[in-house]
Structure formats: structure tokens, C-alpha cells
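**Student:** Okay, here's what each chain looks like letter by letter:
Number of protein chains: 6
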Amino acid sequence: MERLARGTPMFSGADLAAIINEAALAATMADKDYVETADLEEARDKVRWGRAKKSRVIDEDDRKITAYHEAGHAFVQSVLKDADPLHKVSIIPRGPYGGATFALPEKDRLHYTKRYCMALLQVCFGGRIAEEMFCDDISSGAQADIQQATSIARQMILTWGMSEKLGPISYEPDSGLRDMVYIIPSEREYSEKTAEEIDSEVKRLVDQAYKKAKELIEANKDKLEKIAKALLKYETLDADDVKLILEGGELDKPTVSDLLAAERAKNKRPNSEQKGQ
Amino acid sequence: MERLARGTPMFSGADLAAIINEAALAATMADKDYVETADLEEARDKVRWGRAKKSRVIDEDDRKITAYHEAGHAFVQSVLKDADPLHKVSIIPRGPYGGATFALPEKDRLHYTKRYCMALLQVCFGGRIAEEMFCDDISSGAQADIQQATSIARQMILTWGMSEKLGPISYEPDSGLRDMVYIIPSEREYSEKTAEEIDSEVKRLVDQAYKKAKELIEANKDKLEKIAKALLKYETLDADDVKLILEGGELDKPTVSDLLAAERAKNKRPNSEQKGQ
Amino acid sequence: MERLARGTPMFSGADLAAIINEAALAATMADKDYVETADLEEARDKVRWGRAKKSRVIDEDDRKITAYHEAGHAFVQSVLKDADPLHKVSIIPRGPYGGATFALPEKDRLHYTKRYCMALLQVCFGGRIAEEMFCDDISSGAQADIQQATSIARQMILTWGMSEKLGPISYEPDSGLRDMVYIIPSEREYSEKTAEEIDSEVKRLVDQAYKKAKELIEANKDKLEKIAKALLKYETLDADDVKLILEGGELDKPTVSDLLAAERAKNKRPNSEQKGQ
Amino acid sequence: MERLARGTPMFSGADLAAIINEAALAATMADKDYVETADLEEARDKVRWGRAKKSRVIDEDDRKITAYHEAGHAFVQSVLKDADPLHKVSIIPRGPYGGATFALPEKDRLHYTKRYCMALLQVCFGGRIAEEMFCDDISSGAQADIQQATSIARQMILTWGMSEKLGPISYEPDSGLRDMVYIIPSEREYSEKTAEEIDSEVKRLVDQAYKKAKELIEANKDKLEKIAKALLKYETLDADDVKLILEGGELDKPTVSDLLAAERAKNKRPNSEQKGQ
Amino acid sequence: MERLARGTPMFSGADLAAIINEAALAATMADKDYVETADLEEARDKVRWGRAKKSRVIDEDDRKITAYHEAGHAFVQSVLKDADPLHKVSIIPRGPYGGATFALPEKDRLHYTKRYCMALLQVCFGGRIAEEMFCDDISSGAQADIQQATSIARQMILTWGMSEKLGPISYEPDSGLRDMVYIIPSEREYSEKTAEEIDSEVKRLVDQAYKKAKELIEANKDKLEKIAKALLKYETLDADDVKLILEGGELDKPTVSDLLAAERAKNKRPNSEQKGQ
Amino acid sequence: MERLARGTPMFSGADLAAIINEAALAATMADKDYVETADLEEARDKVRWGRAKKSRVIDEDDRKITAYHEAGHAFVQSVLKDADPLHKVSIIPRGPYGGATFALPEKDRLHYTKRYCMALLQVCFGGRIAEEMFCDDISSGAQADIQQATSIARQMILTWGMSEKLGPISYEPDSGLRDMVYIIPSEREYSEKTAEEIDSEVKRLVDQAYKKAKELIEANKDKLEKIAKALLKYETLDADDVKLILEGGELDKPTVSDLLAAERAKNKRPNSEQKGQ
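Protein chains in written order, with the numbering used here: chain A, 1 to 277; chain B, 1 to 277; chain C, 1 to 277; chain D, 1 to 277; chain E, 1 to 277; chain F, 1 to 277.
Same shape as in the complex, but just chain A (with noise of 0.2 angstroms):
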């Protein structure tokens, strides 16, 4: 129950109820006693991201490139002690997304520290490196990924002067000023050659990120293809089973073949049972 209090950061008191609404109902549907962990978790992602579209046919190519993209964001995520823990990753899609990967944010956080923000991005780009590494080709898949580590890259320069080079100034207009007129884009209040100093500060910060993900990944290149490979055979791991994998074990749990034949001999009985009546 913590785990999941914690995996609900900003979740209003309307989406908590949604939650065990759906985890309720889902029991029930699945002709269980009591709510588990996974109904919990099962509604919350729903809540949040949409229903798992398991119908959905999925390319073999796609599903690759998503599962070594995934494996990229949980093995640099679980391995780097400045970020926050892995949670679980993914490969169900989930409305606009092929799969995704969670952290367990340990704490409201009042800070952010640089060293934070420097994991963060190499959590970002470890789907990209990944794909990079494994698929012999890059694709539009890390767009997300892209969007994320610019504007925190961009924040940490332009608004919590961690660029030495920059120093303590504040490049983004007013605030107070923006909250007044939202609708207009405020004018930049700096130089062109302020601005040449800030991309290549941007530049500096995320080429720094990818070249330090990039080297952690290919130290470790068997492990995180472990991870795609478990990925693309049971769908989700949670953070114990990934650590399991990155500690050599064997994974003990029913495989998405398992799983679907189960469903179909499930399916099947009560058909039985209405051709019995």
C-alpha cells in the first residue's frame, strides 16, 4: 500500500476514489475475494494512462524496438543512485505509448539538485541508446524522451543557474509579468549571443548525459539485453524482478503464452458450463 501511495505522487482525492473504484471492479470481475496489488496498480495505470490496449495487434518490430527502448530507461534508471528507484517497465502500450517505464519517487522532493537533474537525463536517453545499439536503427519513439530532457536541461540553465558558464542569472521572463498576460508569448530578454552560449550550454549538458548513459550501457550491454528479452516474454517487470535479472537469476513467473493460454482455457470453461445448462 505505501508502494502504491508512492507511485501516486499529484494524484487528486477524485483519482485515488477512480482508483479503487476500478481496482474494485476488477477484483470482482475476476471473481476474487479481495483487491490485490496488481488490481491497485492495474487501475491506477488505467487512471492515468488509459486502458492497456492488449487487443491491439502489435508489429514484431515494433515490439522489439519498444522492448529494448524500455530496457534502456529501466536499466539506467536502476543502476544510477542519484535517480529515483525503478518502479516497473512495460511493453503493454497504453494510449499513444508502446510501453513505459516507472519510477518510485522516494519523497516529495522541495529540491532539485544538479545531480538529480543529471541522472534524470541519462534515464531519458537510455531508450534512444538502447535503440541506437540493439535495433541498428534510431526512431520516433523517443520523442517523449527528447521533449523531457530538453526542458529539463533548458530549466536547469535557464532558471536554476546550474550553468557555470551562464552563472546565477535568470534567462526566462518575469513571472510575474507571464502569469498576467499567459496568452503572449513573452519576448526573450537576451542578446543573440546569449542565446548562441545557452544552446550550446544545452548542447553541452545533454551531450555530457548521453556519452555517460551511452558508456554505462555498453559496459552492461548483456544485462539490458536480458532486460528486452524477459520484457518481450513476460510484457511487465516490476523493480524486483529487474534486479533479479541484473543479479543473474532466473525469472519464476507465467510468461505472456501462459498467460494467454490460461485466459483461453478460462474462457472456455464457462462456455462449457452454459453449453452444460
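Partner residues are not named here, just some residues of chain C that face chain B (Cβ under 8 angstroms, in silico): (1) HIS111; (2) TYR112; (3) THR159; (4) GLY161; (5) ILE169; (6) THR194.
No more than 30 angstroms apart at the CA atoms, straight line, and that leaves these computed lysine-lysine pairs for DSBU-like: (7) B:LYS243 with B:LYS223; (8) D:LYS193 with D:LYS165; (9) A:LYS81 with F:LYS229; (10) A:LYS229 with B:LYS114; (11) D:LYS212 with C:LYS64; (12) E:LYS226 with F:LYS114; (13) D:LYS193 with A:LYS203; (14) A:LYS193 with F:LYS211; (15) C:LYS212 with B:LYS64; (16) B:LYS214 with B:LYS203; (17) D:LYS229 with E:LYS81; (18) B:LYS114 with A:LYS223; (19) F:LYS114 with E:LYS214; (20) F:LYS193 with D:LYS203; (21) E:LYS193 with D:LYS165; (22) B:LYS114 with A:LYS212; (23) B:LYS203 with A:LYS211; (24) F:LYS221 with A:LYS114; (25) E:LYS214 with F:LYS193; (26) C:LYS203 with B:LYS193; (27) A:LYS203 with F:LYS193; (28) F:LYS114 with E:LYS221; (29) C:LYS223 with D:LYS114; (30) D:LYS226 with D:LYS243; (31) E:LYS114 with D:LYS229; (32) F:LYS203 with E:LYS193; (33) B:LYS114 with C:LYS193; (34) A:LYS81 with F:LYS64; (35) C:LYS229 with D:LYS114; (36) D:LYS114 with C:LYS221; (37) B:LYS193 with F:LYS165; (38) C:LYS203 with D:LYS114.
Treat the hints as calculated values from the structure; they're not laboratory data.
Even glycine gets a Cβ: it sits at the ideal position worked out from N, Cα and C.
Add chains B, C, D, E and F to chain A, keeping to what the hints say.
**Tutor:** Positioned in the frame of chain A, the structure of chains B, C, D, E and F alone reads:
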């Protein structure tokens, strides 16, 4: 039916209903007992691009330019393995277009890979290159292709981080903000120097694709010419027709002249029958 | 009638109805039993550019400038094989214009080829070049020509990829967006360096067309002068008149003075008849 | 009457009616039996620029500056053959202006030639140059002249293609668009480098006209001074007065002092008559 | 009364009525039988800048800064022959201002000459220079002066053609357009290079005026100090007071302390009288 | 009471009433017979920054960062003679802030001197410098400080003419216009070169203040550390507490643990009493 399904991505239920209606109507008008694939295809094209303008008197020069232009698209689409397969190519004018080449997406793509994007660019330029090579002039007919190619190349670089020089950085304004204030074009956030690098990378990608497509066509001038000539003769070619031409075969189907003659004959008969009444 | 049809591209049904009405009215006013081509042409021009200002007292200097200016357009239009053929040329002022040269598009063009565009540019500059060569001064009368030439040259480069230096890239904002937010002028997406290259290519195209047109006119000064003098004498010349002049023939039709004398005579007669009543 | 007609270009019917009314009223007020040209002129000026502020107490320094400033305009207007002829010059303040020089367009111009524009620029600068030369200081009184000269020079270059360096290219935004969205100032379409060339050409044209006008005035200092002194004495000079002065003649008309004295005398008489009743 | 009239330029009839009312009221409140000049002046200042904040407790540091600042303005205003004459200077805070120096325009100016503008700039900087020289620090108190000086210098260069380097060219957008669409800030029409030259000319003018004013004050440190000390003692000085000080005389009028003591005495008396009833 | 008054600048009457109400309520809730200064201060902070979030579980790392950050501000505020004196410093989170340092303006300032501004900048940077020095990382906690420092530095240069290099020139758009059209961000009026100089001057001012503050803190590391440790122990320190610490004294007041223990004890008693009923 599956071909049609694959050929109607993004169609709404209402669109699909309209297509079925149009096809049924057309079949009835033609005194058929059942709806044929051709009726469905024609109905689909009519719903999407407007009624075929067969009555429009096309200048022979324009018709020749269109035939080589579309043959250029169709040839590149057919032979590039990273591109979607060709569906059909036609020089029957619809709406503002003199002709059209249709691809048949094999699947819902979750990811656009860099190789797929490069193939798309080459298909785009196939038309202009064919005009240049066979018509000894270039025309405004490539306007939509140039827009599409520019848009793809910019997205590869600005959004998907597919330029090594510019790196995995998003050069688009924050999409969150853009949604909120979508009537105001966002000011770009990068410097002039970065803008120059973006222009130079867009040009590099476009030039590279143009050069590749040109080499491909130059090495297969005779094949493209055969497709163009078949278009002038038959007006519409489906994937099998083009395949046969590329393999050196001869098409065995009625020409436009045959069809016109048949139609004229058919139009006469009812009249004579009416006379007979 | 076909000439008139070709001379009314883009006219709406209402426009065409207005032309027929005007022509019928004019014919009735002139006590004709049937509507002549001249009535239809006059009606067409009146609907499109406004009533002919015959009563307007034109300064002789202005009249001379207009005659040489229009003769410049008409000469280039007549002799360039890539241009549309000349329809007629006139120095009767209509609306804000001192005179006008009309082309006769032979067909609905699906494509604008580069050669056609280059011919259009030369026709545009014919007027200014004639002023420069024969009037020893240049005037604001070329304003509309300069606007049209600039607009064509920019479209060739920005939209139709007709500059080898800038390549098959669209430098216009995405048309989709522009339609949606058409009241906001879109910010250009390219760098200053690209803007410079565009300016330089526009200048190159324009200078090239200007130079070609100037050479053409310089080699045929006598012919242009004959057209100008015929314009001063007859006010309006049709394609056949101009052809005759270019072939060294003499026009055999009433001059403006003849027409004015005839009109004066005609205006007197009814009066004397009325007196006779 | 023809002079007045030529002096009221662009006046509406209502304006002309107002002028006639004002003139008739003024003539009646002055116990005249008929309306004189002077009444019509005064009425025209009043309708156009506001009531003459004779009662306004003008500082002698300001009056001297105005006299030399207007004499500068009037002198250049009178002697440049490419300019419109002078109509009259006055230092009676009207509206926000201390004085005014009026030209008399001889005709409705269809074309503005380059030579006419260059003459206009020289007339504009006549005022400032005279201040510089005779008042040993320059003043804000040239603001409207500077605006007009800048506007003409820019139009010559941006719209009328009258700069050889920039060529027959339109540097104004498409007028079609501007009409449609006229509340949004259009973004310029050219590069910084072109903007520099435009600035440099505007400066070149302006400097050339300023230099020519200065040479003209320097060679005729005595004549300009005579006009200025006559203005201080008579307040208003018409074209004939100025011609006489330029030819070395002496004006023979009542001075301002004479007029004031006469007015004072006239104002007294009715009073004494009233006393006599 | 004439002094007051000259001190109320641009006042509306309603403003003047309000001033008379205020003055009458004040005179009545003070048991005077007639309205004195001082009542009218006080009323004028109150209507224009707000009620004098005598009760506001002013920090001694702030009061000293204000006294030297205003003494700087008053000194330069008094001694520069091209400037308007001083009217009065005060360190009584009104509205947002700690004090104020008033000039007395001698006349309605039709022209602002370059020399008058240069004198205005020097008066503007008198305050800041005095702070620098006597208070060993500079303060935000010069904000309004800096704005005014910048605005004058820009107008001299951009509108009045008073920079030889930039010439008689208007660098303001067309005022006609600006009036029509006044809510949209017009885009500047000149190039970056011209913008640099404008900045450099503004700086040159401002620096020149600052230097001149500084030399003037440095050569008269004792005189300025005397004015400042008199301000601290008497709070308000009129032109005659300042003239006397500059000529080395001694003021003979009640100090602030005298006035406060008198007021306190007066406030007591009515009370004792009331007690007596 | 005077301390409170000085600590509530810019509060409206309604704000003050709310503070009194809150304080009275709090005193009543605590069974006090009179309102203490502490009640008023708490009420003031609650009205201004929101309810103290004592219940919020603060991560120890965040708490340490906050303590050193606030100690940095408090130390610089206390020792710089040009700055306002320290009022109190607290690490009790309120609203979005982890803690806060309060200054006590001694007076309503009419002028902001350059020295005062430079002191303000140093106080701003005290927090970030302390993080850097004692936490071996920097955090987003300095965001508001960086914004404030940037805003002050820009105002010094752009509005108050406090940069010798840029001179007494206003680089803000005309405030008159800005008031009228305040929803449109004004276009800057200066050139790129000036924009670069402004950026460079802002950076110079900021770097200078940062360097000065860093030297000050480096020379007093032990003192700052003592304040930080006291904050961790007592959560809130007033000016006297800090003064005592800086002078090497020991605080003698209940720690947070003491207060929590006391509160827990008090909360138990009423319950036992209730049980007793």
C-alpha cells in the same frame, strides 16, 4: 477487403459508411448484381480526394508531365524496401491534383524509423526527378511533394533527434504551451547560429535523399518510362500492374481508348433500345 | 466566342451573366440588332477593371509613357514562345490603371513550368524597360508589374523548389497551420543566412529576366516603337493588329480621331433630327 | 477659378460645398457684394488645415524661424523645373503648423517619375536647409518634411524599383494580404543584409537630394532672404509675388501692419457710428 | 497672475476651475480675506501632482539625497541660457516624488531647437550628477530624469533629424498607420546596423550633455551646495530665492522649523479660545 | 508592536485586520489571556505566506539543504551594513517554500541607492553559495533568489542608469505606452550590440555580487554553520538569536524536540481530563 481496410487508415466510421454507400450506388448504376473491389476503391478515392474529373479536358503536355511525375513516385515507392509498398498510381485528376500515387501501409506504425523517413523523402522526390529527366523542364506540380519532404526532414531533426550534429534535443516549442495558446505561433527558442545549423541539416538530408532517388531513377530510366507510358495508355495501374511492368511483362487489360469506346457503345445501345420502344 | 471564353478564366457565373447583360445593354444603346464581339469584350473589361475613362483628360506626357509602357509588355508577350499569346493591348485608362496588356491563356494550366515562369517575368519587365529606353526616365507606373514579378520569383524559389541553390525545400510556413490561424502572419522558420540566400536568388532570377527582356527589346527597338505609335493613334490593338505591325504591315482601321469625329457627328445628327421634329 | 480647382485635388463634393459656403459667409461678413478669389482661398485653407490663428501671439524667434523655413520650401519649389509650380507660401499659423508652402499640381498625375520624386525631396529639405543657413540652429519644425521625404524615398526604393542597386523588386509585403489583415503589421520578408542595403540606398537618395538643394540655396542666399523678409512683412505671398521677388522686383501690396491698422480703423468706425445714433 | 498662467500650460478649463476652487477653499480655511499667489500655486501643484505629504516622515538620508538632487536640477535650469527659466524648486514630497524642480516656459514654443533640447538634457542630468558628487552614491531617484532624457535624445535623432550621422531621415514608423492601429507596437523598419548607429548616436548625445552638465556643476560646487542647504532649511525656493543665493545673498524668510512652530502655536490658540467659551 | 509595524510594509487595512483576528483566535485557542508578539508574528506570516506546514514530513536531506540555504541568506543579511537588518529566519515550510529569511526595512525608502542594491544581490546569493559550500551540490531551491537578483540587476542597468558602460539611458520601453497597451509585450528599442552589452553588464554585476558574498561566507564558514545547526535545532531564529550566535553565544530556548514533547504532553492532558468527566 483487407487491401481496402489497409488503404483506409484514419477513416472515421462515417467515412467508411459513405464509402459503402457510394460503392453500392455505383454498382447499382452499372447494373451489377454485387459490389466489386473496383467500386469500393473508386468510392474510397471519391470520398477522400473528390470525384474523378474524367470530363476535364487535360492538355496533352500537362498529361505527359503528370504521367512521368507519378511514374517517378510509383517507381521509387515500388523498389525501396524501407518504404511502404505501392498500392496504385493514377493520372485521373481529382480535386486540385493531376494524378496520385498511393502507398499501402502494412501496419499501424508505432515508430517511424530513420530509414523509413529517408525512404519517404526519396519517394517524395521521385516525381520532380522524373520531370527533370524526361520533360526537360520542372514544374509547380511538385509543390505538395516539396512541402511534405520539408515537413518530414524538419520533424526528423527538430523533434526526433535524428541529426547527429544537432543531437537528441527538441527544437520545437514546448507542446504543452502550444496546445494552450495554439492561435499564437510560438517564438523559436534557439539562436540564429542554431537556426543556421538546422537549415543546413535539413538541406543535407533533402539533398542526400534527392541524390539517392536520382541515382536510382537514372539506373532504371527504361523502367520508369514504361510505367509512364502505361499510365498514358491505361490511366490507372495497381501494384500488380507495376510489378509486371518492372519484371518486363506486358499488361493485358483494356486501355483508356477501349474503355471510352465501350462506354460510348453502351451509351448508344440504351438509346437504340429506347428508339425501338 | 471561344476567344471570350478563354479570356474570362476564373469568372463566376454571376460575372458572366453581368457581362452578357452589359453587352446586350451596350448593343441596345448603340441601336444594334445583335451583340457584337466588341460589345462582349468591352463588357468583360468593364466588369473586371471598371468603366473605361474616355472622358478623363490624360496629360500627353502620361499618355506617351503609358503607350511605350504597354507596347513593351505587348511586344514581349507577342514574341516569347513560352508565354501565353497576346490578347489585346490598350491605353484607355480603366480604374487606377493608365492602360493594360492582356494575355490569352490557351488552356487551364495544371502545372506552371519554370520556362513559363521565366517568360512571365520578362513580360512583366517589358513595360519598365520601354519607359527607360524611350522616355529617358522611369515611373511609378511599373509598381504592379514589380509586385507581380517579385511574387512569381519568390513562389518559384520558396514553394516550387526552382532554385538549384536552395533546392527542393519549402520555405513557406506549413499551409495547414496558415489556414487555421490565417490572421496571424506566420514567423519564418529559416535562418538569416537562408534569408540572405533567398534574397540573392530572387535578385538573380529577376535580374536574369530583366536582362533577357532588355536584350530582346534592344534588338527590336523599331518594332516596339511602331506598336507604341499605333497605340497613341488607335488606343487599342488586338493580337492581329500587333502581328501585322510586327510583320511590317500597316493597320487599316479608324484612328481615335476618326472615332471621335464620327461620334461627334453622330451626336449632332439626333440633335438636328430632334430640332426637325 | 481654375487655380482653385487645381488647388483642391482629392476634395470631396461635401468639401467643395463647405468651401463655397465658407467663402460666401466670409464675403457677406465683409459686406462684399461678390465672393472674391481670396475668400475662396481662405475658405479652402480653413476647411483643409483649420482656422488661421491670427490672434495667436507668435514669439518673434519662432516667427523668424518659420519665415526662413517656408522661404526655403518656396524658393526650391519655384526654381526646380521638375517640381509642381508654387501656389502660395504663408507664415500664418494654422492647426499645428507655423506656416505652409503650397504647390499647385498642374494635372492629375498617372505616373510619378523618378525626376519628379527627386524634386519633391529637394523641396522637402528646403526648409531645414534655410534654418541651418540663416538661423544658426535647426529645429523640430522640419519633422513633417523629414517624414514626407523618408516616405517618398522609401517608396521609390521599396515599391517603384527606382534603386539600381536593389533592382525592380518589391520589398513591401503582398498588398493583398495586407488589406485582409490590416491590423497586423506584416513582418518584412527580406534579410538583414537587404535591410542594410535599403537603409543605405534611402540614405544615399536623401543625402543626394539634400546636397543638391543646399547647393541651390547657397548659390541663391540673397533671393531666399528676400522671400523670407517679404514673408515677415506680408505674411502670405502668392506665386506672382515670389516670381517678382526672384526677378528682383519690389512688392506693392499692403503689409501686415497696414492691414492691422486698417482693420483697427474699420473696427472703430462702426463703434463711432453707433455712438452717433 | 501671469506667472501662474505661464505655469499652467496644457491645463484644461476644468483643471483651472479646480485650481481656483482649491485656492479659495485654502484661503478660507486660513481665515484670509483674499486669495494669495501662494494659495493659487499650492492649489495648482495639488491638482497636478497630488497633495503635499508634509506629514510623511522622511528619512534624513532620503531628504538629503532629494535636496542635492533637486538643487542639481535647479542650478542647471537657472544658469543655462538656452533652457526655460526656473520657476521653483521644492523637496516637499508629492505623489511618488520626493521633490520637484519646475521650469516656467516663457511662451508656447512652435519649434524645439537643437540648442533648447541640449539644454533640456543637461537639466535632466543635473540631479544625478549632484547625487554622485555630494552623496557619494547614486540612486533610483533619477529614474524619471533618465527616461525623459532618453526620450528627448531619441526624438532628436529619430524624428527631428538632428544627428548629422543619421541625417534628415525619419526612423519612426509612419504616424498615419500608428494612429490607426495604435494598440500594436509597430515593427521598426530599419536594419540592425542602423539600430546600432542610433544607439551610438543616442549615447553620444547623452554623454555629451552629461559631460557638459558635470563640468558646469563641478565649476560651481559651492553654489549648488548653498541651494541644497537652503532647500533643507526652507523646503521650497522660488526663482528669486535661487537667484539671490547664486548672487551670494542671504535668504530672509521663515524656515521650515519657524513655520512648524507657528502652525503649532496657531493650532493651540483656537483650542484655548474654545476652552474660553 | 513597532517591530511588527516595520515588518508589515505594503499591508492593506484588511490584511492588518486579518492578522489581528488570526492572532486573537490563536491566543484564545491556546487559552492565553492576552495576545503575545509571537501570536501576531505567526498570524502575519500565515496571512502572507500561508499556514506553516509543521505536519509536512520533510526529508532530512531537504531539511539540511534548507537550513544551510537560509543560514546563507541570514548571515549575509546580518553582516552587510548596506542591507536592511535581519528580522528572522525559519526553516518551517510555508506555501511552496522550504524556509524563509525576513529582513526588516527600517523605513519607507524613497531612493534605492546603488550600494543598497549591491547588498541586496549579495543577500540573494547567500543561499546558493551556502548550498555549494556545505552540501556539495546545488539545487533548484535558489530559483526565486536568482529571479530576484536578475530582476534587480536588470533594473539597475536598464532603468536606473547604474552601469557606467551603458550610461544614464533608459533601455525600457516608454512607460506611458506600456501602461496603455499593457497586454502587448513591447518590442525592445535597442540594437543587438546594445543587448549584448546589457547582458554583459548584468553578468558583471551578478558575478561581482556573487564573488563578494562568497568571499564573505568563506571567511566566516564556522559562523554560517552555527546558524544552520541552530536552525535545524530550533527551526526559527530571530535577529537577537542570530546576533548571539554570531557573537559566539549559546541560545537558551526550547528546541523543536522540546516543543514537540511539550505539545504531545499538553494534548494528552485534555484527553485525560475529558476522561475524568
